[in-house]
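Number of protein chains: 4
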Amino acid sequence: MKLSGVIGYLVTPFVDGFINEPVLRLMVNRLIASGVHGLSPLGSTGESAYLNDEEWEVVARVTVEECRGHVPVVIGASALTTRKAVNLAQKAKALGADAVMVAPLSYWKLREQEVFGHYAAISEAVDLPIMVYNNPATCGIDLSPELLVKLIRQLEHPFAIKESSGDIQRMHRIQELSGGEIPFFNGCNPFALEALCAGASGWCTAAPNLIARDNLMLWDCVQQGDLKAARDVFYRQLPLLRFILKGGLPATVKSGLSLQGIDAGVPRLPLLPLDPDGTQALAALLASVSPFEEA
Amino acid sequence: MKLSGVIGYLVTPFVDGFINEPVLRLMVNRLIASGVHGLSPLGSTGESAYLNDEEWEVVARVTVEECRGHVPVVIGASALTTRKAVNLAQKAKALGADAVMVAPLSYWKLREQEVFGHYAAISEAVDLPIMVYNNPATCGIDLSPELLVKLIRQLEHPFAIKESSGDIQRMHRIQELSGGEIPFFNGCNPFALEALCAGASGWCTAAPNLIARDNLMLWDCVQQGDLKAARDVFYRQLPLLRFILKGGLPATVKSGLSLQGIDAGVPRLPLLPLDPDGTQALAALLASVSPFEEA
Amino acid sequence: MKLSGVIGYLVTPFVDGFINEPVLRLMVNRLIASGVHGLSPLGSTGESAYLNDEEWEVVARVTVEECRGHVPVVIGASALTTRKAVNLAQKAKALGADAVMVAPLSYWKLREQEVFGHYAAISEAVDLPIMVYNNPATCGIDLSPELLVKLIRQLEHPFAIKESSGDIQRMHRIQELSGGEIPFFNGCNPFALEALCAGASGWCTAAPNLIARDNLMLWDCVQQGDLKAARDVFYRQLPLLRFILKGGLPATVKSGLSLQGIDAGVPRLPLLPLDPDGTQALAALLASVSPFEEA
Amino acid sequence: MKLSGVIGYLVTPFVDGFINEPVLRLMVNRLIASGVHGLSPLGSTGESAYLNDEEWEVVARVTVEECRGHVPVVIGASALTTRKAVNLAQKAKALGADAVMVAPLSYWKLREQEVFGHYAAISEAVDLPIMVYNNPATCGIDLSPELLVKLIRQLEHPFAIKESSGDIQRMHRIQELSGGEIPFFNGCNPFALEALCAGASGWCTAAPNLIARDNLMLWDCVQQGDLKAARDVFYRQLPLLRFILKGGLPATVKSGLSLQGIDAGVPRLPLLPLDPDGTQALAALLASVSPFEEA
Chain A
3 MKLSGVIGYL VTPFVDGFIN EPVLRLMVNR LIASGVHGLS PLGSTGESAY
53 LNDEEWEVVA RVTVEECRGH VPVVIGASAL TTRKAVNLAQ KAKALGADAV
103 MVAPLSYWKL REQEVFGHYA AISEAVDLPI MVYNNPATCG IDLSPELLVK
153 LIRQLEHPFA IKESSGDIQR MHRIQELSGG EIPFFNGCNP FALEALCAGA
203 SGWCTAAPNL IARDNLMLWD CVQQGDLKAA RDVFYRQLPL LRFILKGGLP
253 ATVKSGLSLQ GIDAGVPRLP LLPLDPDGTQ ALAALLASVS PFEEA
Chain B
3 MKLSGVIGYL VTPFVDGFIN EPVLRLMVNR LIASGVHGLS PLGSTGESAY
53 LNDEEWEVVA RVTVEECRGH VPVVIGASAL TTRKAVNLAQ KAKALGADAV
103 MVAPLSYWKL REQEVFGHYA AISEAVDLPI MVYNNPATCG IDLSPELLVK
153 LIRQLEHPFA IKESSGDIQR MHRIQELSGG EIPFFNGCNP FALEALCAGA
203 SGWCTAAPNL IARDNLMLWD CVQQGDLKAA RDVFYRQLPL LRFILKGGLP
253 ATVKSGLSLQ GIDAGVPRLP LLPLDPDGTQ ALAALLASVS PFEEA
Chain C
3 MKLSGVIGYL VTPFVDGFIN EPVLRLMVNR LIASGVHGLS PLGSTGESAY
53 LNDEEWEVVA RVTVEECRGH VPVVIGASAL TTRKAVNLAQ KAKALGADAV
103 MVAPLSYWKL REQEVFGHYA AISEAVDLPI MVYNNPATCG IDLSPELLVK
153 LIRQLEHPFA IKESSGDIQR MHRIQELSGG EIPFFNGCNP FALEALCAGA
203 SGWCTAAPNL IARDNLMLWD CVQQGDLKAA RDVFYRQLPL LRFILKGGLP
253 ATVKSGLSLQ GIDAGVPRLP LLPLDPDGTQ ALAALLASVS PFEEA
Chain D
3 MKLSGVIGYL VTPFVDGFIN EPVLRLMVNR LIASGVHGLS PLGSTGESAY
53 LNDEEWEVVA RVTVEECRGH VPVVIGASAL TTRKAVNLAQ KAKALGADAV
103 MVAPLSYWKL REQEVFGHYA AISEAVDLPI MVYNNPATCG IDLSPELLVK
153 LIRQLEHPFA IKESSGDIQR MHRIQELSGG EIPFFNGCNP FALEALCAGA
203 SGWCTAAPNL IARDNLMLWD CVQQGDLKAA RDVFYRQLPL LRFILKGGLP
253 ATVKSGLSLQ GIDAGVPRLP LLPLDPDGTQ ALAALLASVS PFEEA
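Protein chains in written order, with this note's numbering: chain A, 3 to 297; chain B, 3 to 297; chain C, 3 to 297; chain D, 3 to 297.
A few of these clues could be false.
Because identical chains share one entry, a pair is satisfied inside a single copy or across any pair of copies.
[Stated by the list, open to error] Simulated crosslink set (SDA-like; lysine to any residue; CA at most 20 Å straight-line):
hint: 1; residue 1: Lys248; residue 2: Glu148
hint: 2; residue 1: Lys248; residue 2: Gln115
hint: 3; residue 1: Lys230; residue 2: Gly201
hint: 4; residue 1: Lys4; residue 2: Ala139
hint: 5; residue 1: Lys93; residue 2: Asn31
The set of hints was computed from the structure by calculation and includes no laboratory data.
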C-alpha cells in the first residue's frame with residue numbers, strides 16, 4: 003500500500019436525519035478535484051461513532067464508487083467490540099476500499115494485550131491494509147509508539163500509523179523504533195508543519211473540505227524544502243486549523259461547507275451545530291486563507 | 003425517588019456469546035439476599051457499551067422481574083446519540099425500572115450545552131427518575147459539579163448524582179452548591195470510606211457481587227458513627243476494591259464470581275478475562291475479607 | 003516523638019522588610035491560647051523559601067522561646083542543597099526545637115536515590131525527629147507512599163509524614179504499607195474531614211491563625227465519632243479553607259490576621275498581598291465561621 | 003540586542019566543593035572555538051539554584067572575561083525573591099554581560115500579576131536586555147504565550163523568549179500574537195528540529211558542551227532549507243539529547259565532559275552524578291554522533 007500526501011477526511015452529510023447521498027457524492031468529487039492525494043470517509047470527522055450499520059455502509063459504498071480510478075480510499079472501521087470491527091473491515095473489503103483505518107475505541111481502557119488482540123483479529127480476518135489510528139482524545143486510550151510499531155511489525159496488514167496525540171515526540175520515537183521504515187501520518191492539524199518537517203508521510207485532515215489549496219501548498223513547500231514559504235502558508239491557515247479542531251470537526255466543517263454553499267446538514271445529537279458567533283468567526287477565518295478551488 | 007445505601011452493580015453473564023439468563027437471575031437473587039439496598043444492571047460493570055439492543059433488553063427485563071417487590075432497580079441507559087439514549091430510557095420505563103442511570107458517552111467531547119440538551123431530551127421524553135452519572139475515565143467527558151447540580155435543578159427527572167471521578171472535592175462542591183439537598187452517590191470504590199463520611203447517600207459498586215458483607219458493614223459502621231470499625235472494615239476490603247477496579251470490573255468480577263462458583267462467562271472481546279496470575283491474586287484477596295453470604 | 007491533633011502553621015510577620023518579632027511573639031501566644039496541639043514556623047506558610055539565614059534563625063528562636071513548656075514546635079528546615087538543609091536542622095536542634103519538618107525542595111527533579119540521600123544526610127547529622135513533608139505543588143517533586151514509608155523505616159529520625167498532595171489514596175497506601183504504624187498528618191486543608199476519618203494523626207494547617215476554634219472542633223468531632231457534627235463544622239469552614247489555599251497562604255492568612263487586628267505585614271515580593279476584592283471576600287468568609295477565640 | 007543561532011549553556015565546574023575556575027575558562031574557550039553563537043552561564047544547567055552569591059559572581063565574571071570580543075553572554079539571573087533577582091541583574095550588568103536570562107522561580111505559584119511585577123522591577127532597575135525564560139518543569143510555574151508577549155511588549159528590557167515547556171503550540175502562539183516580531187528560542191532539546199522549522203531564532207542548549215558540531219549542523223541545515231539533511235542530523239543526535247535531558251543536565255553533561263577528558267566535577271548534593279551504567283550508555287551515545295571538535 004503506497005500512500006502519502008494530504009488525505010482528506012469527509013464529513014457525513016445528513017438531510018432530515020438520513021444520509022444525504024447526493025451531497026456526499028458532490029463533496030467527494032470536489033475533494034478529488036481539489037487535488038488531495040487520498041480520501042477517508044467514516045473517521046472521527048465522519049461521525050462514524052454516531053451512525054448505525056446501514057448508514058455506515060451507504061457512506062462507504064458511495065465514497066468508493068466516486069473515488070474509483072482517482073485516489074485511494076481509506077475507510078474508517080472502528081468499533082467497540084472486536085466482532086463489529088472485523089465486520090466493518092469485511093464490508094470495506096467487499097466494497098472495494100484500498101485500506102481501512104482502525105482506532106481502538108474503548109469504554110473500559112484496553113490493556114496492550116487487548117489492543118493487540120483486537121488488531122490481530124482484524125488482520126487475520128480481512129486481507130486489506132490497515133492504518134492504525136492513535137487518538138487518545140476521542141478514543142479514550144493512548145497507544146504508545148512501542149505498541150504501534152509492534153502492531154505494524156508483527157501483524158500482516160497494519161502498514162502505517164496515524165498519530166493524533168498531538169505529541170511530536172511520538173513521531174520521533176516511531177521514526178527511531180522503525181529506523182524510518184514505518185510510514186506515519188499526522189492526524190493533529192495544528193502540528194502539520196512540524197510533523198511534515200519531522201518526516202511524516204502525509205497529513206490526514208478534514209481541513210481540505212474547506213481549504214484544500216492551503217493544505218496542499220504546505221505539503222508542497224515542505225517537499226521542496228522551502229521552509230520560509232511553508233511557515234508562511236502554515237501560519238496563515240493555523241488559526242483556522244485550530245478553530246475547526248477546537249469546535250469539533252463535524253460541527254465546524256459542516257458550518258464551513260455551508261458558508262461555501264454546500265449543505266451537509268448538522269451533526270447528530272447530542273452534537274450541536276456551530277452557533278452564529280462561531281459561524282461568523284469561521285467566515286472571517288475562511289476569508290483569510292486561499293479560497294477553496296479546484297486544482 | 004428515595005434511594006440510599008449500597009447499590010449493587012451487575013455484570014452481564016454470557017454463555018457462548020449470548021446472555022446467560024439463568025445465571026443472571028441467580029446473581030440478582032443472590033445480591034438481593036445479601037442485603038444490598040438496590041440493584042443496577044447495564045452500567046459500566048454490565049458491559050452495556052458492548053451489548054446490542056436486544057441483549058440490553060433481555061438484561062433489563064430479567065433484572066426488573068427478579069427485583070420486583072424486593073429492591074429498587076436503576077437501569078443504565080447511556081448511549082452516544084441522544085436518540086438512542088431516549089429509546090433506552092423509554093424501554094426501561096416500559097419494563098418497570100424504578101430509575102435510569104445516564105452517563106454522557108462521548109466520542110467528540112461534549113460541551114456543556116450539548117450535555118444539557120442530551121439530559122433535557124431524555125427528561126422530557128420519559129417520566130422516570132434519572133441518576134446522572136459522571137465517570138470521566140470511561141466516558142471521556144467530565145461533568146463539573148456546577149453542571150451536575152444544574153441538571154438536577156433545572157430538569158424534571160434527574161434526582162441524584164453518581165460521582166465516579168475519584169475526586170472527593172467534587173462531592174464537597176455538590177454538597178455546597180446544593181446546600182446538602184441533592185443526594186450524591188459514590189461510584190469510585192477506593193473512596194468509599196471518605197465519600198460516606200463526607201455525606202454520600204450511598205455507594206454504587208460492583209463489589210457486592212463478591213463481598214457484599216464487608217461493603218454493607220462499612221455502610222453500617224459509618225451510619226452508626228463508629229469510625230474505628232469503619233476504618234477497619236474499609237482497610238480490610240480496600241486492596242480488593244482497588245484490584246477489581248484496576249483490572250477492569252467486568253473481567254475481575256466475573257473471575258471472582260467464578261471463584262465463588264458462579265459461571266458468568268468472560269467479558270466480550272476485545273476485553274480479555276483476568277489471567278491466571280491475576281485470578282490467583284484475586285483468590286488471595288477474597289480470602290482476606292468476609293465471605294459472601296446471604297444476610 | 004508523640005505528636006497529634008491540630009498543628010498550627012505560622013506566617014512570618016514583616017515590618018519594613020524585616021522580621022516583626024513582637025508580632026511573631028503575639029501570634030505564637032495567641033495560637034497556644036487557642037488550644038492548638040503544636041506549632042510549626044518556617045513552613046510554606048512561613049515564607050521560609052523567601053527568607054535569608056539570619057531571618058530564618060530569628061523566627062526559629064522566637065517561636066521556640068514562646069512555646070517552651072506549652073506545645074511542641076516543629077521547625078521547617080527545607081533547602082535546595084543538602085548542606086544547607088543539614089545546617090538548618092542543626093540550628094533547629096541547637097535552638098531547642100522538638101522536631102524539624104523537611105521537604106525535598108527541587109530545581110532539578112530529584113530521583114528517589116537523591117531524595118533518600120538527602121534525608122539520610124540530615125538524619126545522620128542531627129539527632130532530632132524529622133517529619134517528612136510531601137507537597138508536590140510547592141516543591142516540584144512528588145514522593146510516593148512507598149518512598150515515604152521507606153524513609154521512615156530505614157532512617158533513624160524520620161518519624162511521621164505530612165501529606166499535602168491532596169490525594170486521599172496516598173494516605174490509604176501509607177496506612178497499608180505501614181500496617182497503620184506510621185503516623186501521617188494531613189497537610190491539604192480541603193481534605194481535612196476525610197484525612198481524619200481515614201486515620202490521620204493530625205492536621206497541619208495555617209488555618210488556626212484565623213479560625214482555630216472551628217479547626218479544633220472538627221478534630222474533636224471526629225475523635226468522638228460524631229460524623230454529623232464533623233460534617234457540619236467541616237462544610238462550614240470549607241469555603242474559607244479553600245479560599246486561603248487558593249490565594250496563597252502567606253497572602254491570605256496575613257490579610258485575615260489584619261482583619262482580626264493583627265498586623266503581620268505583607269508577603270515578600272514577588273508575592274503580592276490579597277487585593278481589596280479578595281480581602282472583602284475573606285472578611286465575609288470569616289464572618290461565617292466561629293470567631294477566633296482563646297480556648 | 004541581536005541574538006540568534008545556537009546558544010551554549012555552561013555547567014558550573016566544581017573541585018572540592020568550590021568553583022573550578024581554570025576548568026570554567028577552558029570550557030568557555032572550548033565552546034567559543036566550537037563555533038556556538040552565544041554563551042549562557044548560570045542557567046538550569048549551571049546549577050545556579052544551588053550556588054551562593056559569591057559563587058554566582060565568580061562564574062559570571064569569568065565567563066564574561068573569556069567571551070569578550072568573541073560571542074555575546076547571556077547570564078542567568080533568576081531568584082525566588084524580586085530583590086535578589088534585581089541584585090543579580092545589577093551584578094550581571096556591572097560585570098559586562100550582554101543580557102540576562104530570567105526565569106520566575108516560584109515556591110508559591112505566582113499569579114500573572116506577580117510575574118509581571120517581578121519582571122517590571124528588574125526591567126526598571128537594570129538597563130540590560132532580558133531574555134524571559136519559561137520552564138515549568140524546573141520553575142514550577144508556566145507562563146502563557148499571552149503573558150510572555152505582554153512582558154516583551156509592555157516592559158522596556160525583555161527582548162526575547164526562551165521556551166522550554168516542550169509544547170510546540172506555544173511557539174506558534176507567540177509567533178501569532180507577535181506577528182512574528184518577537185524572537186523566541188527553543189529551550190527543550192528534543193524539539194530542536196521542529197522549533198527551528200517553526201521559526202525559532204535559535205536554540206538554547208547545554209548539548210554543545212558535548213556535541214557542538216551536530217548541534218550547529220542542525221542549525222545550518224535548517225537555515226539552508228535542507229530538510230532531509232536536517233532530519234538526518236537531528237535523528238542522529240536525538241537519543242543523546244533525550245538522554246542528557248532525562249538524566250538531569252548537570253549530571254549528564256558533567257559525565258560527558260569527563261568522558262571527553264574534562265573534569266568538571268560532580269553536581270552538588272542532593273543531585274547525584276550519573277551512575278556507571280548511565281555513563282556507559284552516554285559513552286555509547288557520544289560515539290554515535292559527530293565528535294566534539296573546534297570549528
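Alpha-carbon proximity between Lys230 and Gly201, which holds within one copy, between copies, both or neither at 20 Å: Cα proximity of Lys230 and Gly201: in one copy and across copies (17 Å, 8 Å).
Within, between, both or neither: Lys4, Ala139 at alpha-carbon 20 Å: neither (28 Å within a copy, 37 Å between copies)
20 Å Cα threshold - placement of Glu148 relative to Lys248: between (28 Å within a copy, 19 Å between copies)
Homomeric proximity label, Lys93 with Asn31: Cα distance no greater than 20 Å: This pair counts as neither: shortest intra-copy Cα distance 22 Å, inter-copy 42 Å.
Homomeric proximity label, Lys248 with Gln115: Cα distance no greater than 20 Å: For Lys248 and Gln115, only the inter-copy Cα distance (15 Å) is at most 20 Å; the intra-copy one is 32 Å.
The structure fails hints 4, 5 (numbered hints given earlier, in ascending order).
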